[in-house]
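Student: Numbering (my numbering), first residue to last: 402 to 948.
These are calculated hints, taken from the structure and not from any lab test. Every residue, glycine too, gets a C-beta built ideally from N, C-alpha and C. Some hints could be false.
Said to hold, decoys possible - Here are the computed distance ranges between Cβ atoms for each label pair:
#1 Ala746 with Cys617: 33 to 39 Å
#2 Val837 with Phe459: 29 to 35 Å
#3 Arg773 with Gly884: 21 to 27 Å
#4 Arg619 with Leu524: 16 to 22 Å
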Amino acid sequence: MTTENAIHTAAARAKNLSLLMTRWPSVTGSPDEAAFSESLRANLAETPYFKSHPDQIFTVDSHGEPMTQNVVALVRGRGRRAVVLAGHFDTVSIANYGTLAPLACDPEPLTNALLQELRSRPLNGAETKALKDFESGDFIAGRGLLDMKSGLAAGIAALERFAGLEAPEGNILFVATPDEENRSRGMRSLRNALPEIARRFDLDIVGGINLDASSCERDGEEGRAVYLGSIGKFAPFAFVIGRPTHAGYPFNGTSAHRISAEIVRAMDTVPELSDEAFGERSPPPVCLEARDIRDGYDVTTPDRVWLSFNWLTHRRSPAEILGEFRTIVTGALNAALEAQDAHKARYRGRPATKTEGTVLTYAELLERLKARGGDALDRLAALDRSLSGGTDPLKVSREIVAAAAMEAGIEGPAIIIGFGSLHYPLVHLERAGEGVRSIQARLETVMQDTAKRHGTSIKFKQIFAGISDMSFFGHRPDAGDTGLLTANTPSAAFTDDAPDGLLSFPTVNIGPWGRDYHQKWERVHAPYTFEVLPDLVFESALAWLAE
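Could you build all of it, start to finish, from the sequences and the hints given here?
Tutor: And the structure:
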């Protein structure tokens, strides 16, 4: 088969498989997600290569009931060198399609229905752009088509094209994982199983290509990209404990709301708290949740307020984030107390006694409980187990911290800080050790050649902006980071229990592009995704496999 024919065949396969997989619903946490892996495994098992090599396609258990599974498919060539192509198959909910929800996973009828809806009423700016895109014929809608079943399809098309080569150099291992939209439990379970898979098939895994989707609001230049890294994410919380008082006697206590307001002011969208690295800047932190956790109404000032933040990073370590957060929270606490003391002095007409407060990490709170003795830690562990099935990490963490503070008898004003959800580590090719310049140079050549062949442009970008499975793909976490995160994350369900002996290898992200993923107008740019992307993934894998 000529190169031109091989590219055309791969493009047709990528499109057909993208549409087919989108028709298999797989919302995170649903029985459909659990069923998807067998549908994909069975489809691949009927292809010529895997009919001849049935032992090279299998599933690996991940989590849940019914059990969700990772799909693993290996095409062998010569030698031990292997590249892993990876992507997730779970999707976000279809609820935001409203009356069109029955069509959400059927791309062509959905696209037509969205066109009819958009043409029937006045539009806002985002809807006007969506209408223009759909009318161009270059974009197709569908829940999960962009994020990221078309990425999986490109990886499969590249895998099958590799299988059609005569005695190719190296090996390609394709993996499809669940749960990226929740806790990346699929990728983390696959990561844990990968050393044994490598031993079983005598593979030396030298690199990985994540296949996740990106967005571009302009002409696609920002979407036609090879990403060298993926952003880091922290979810620091502040559990604020005030000293309640009747509203008629406000200076006899301290409102937790006054303290929490100062923390939000010091944290939310503050540009100086963003990171600059790799020539790019991360977004500043934002407050995701501010919640008074009283049960019911009274005229007493609130004694407990829960705050949680999303803090995306390009360079900071867990210790640096926790240390900086503690400094910010301590400053905010002091500012709140000083302001209240000043108000009290002006109101009463005489100097006020200085109010003191305390800031503790969650690990320090547990140390206090240990020192007190008794069964408090056992009760907290039992509470954690009872909540472990919850899908809202902030709710789970909030309940555990509230119970721990009560067990410890913490008096306000005080603040407990820690991490309320799973940490996604920053990863970047530059951090992958020796040889990365050679890898990047090879990829640059592939990008230039592929762009020229298809009459387009492809560029490097430094940081994939959305949190992704790439954080756990080929990444072996630092033991010190893991220990600090585990000690300060209330629920074990939202920590990364990484075993010893994990593989470490450089990774990049090469995926489809489109617009509005997770939204009603989610759509993929078909010409790039079905024609260019499978070719780019295939050639990138070959370049990586070359000695």
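Student: Look at each hint and say if it fits the structure.
Tutor: Comparing the hints with the structure gives:
1. Ala746 with Cys617: 33 to 39 Å: 56 Å, violated
2. Val837 with Phe459: 29 to 35 Å: At roughly 31 Å between Cβ atoms, Phe459 and Val837 fall inside 29 to 35 Å, so the hint holds.
3. Arg773 with Gly884: 21 to 27 Å: Holds, at about 23 Å.
4. Arg619 with Leu524: 16 to 22 Å: 19 Å, holds
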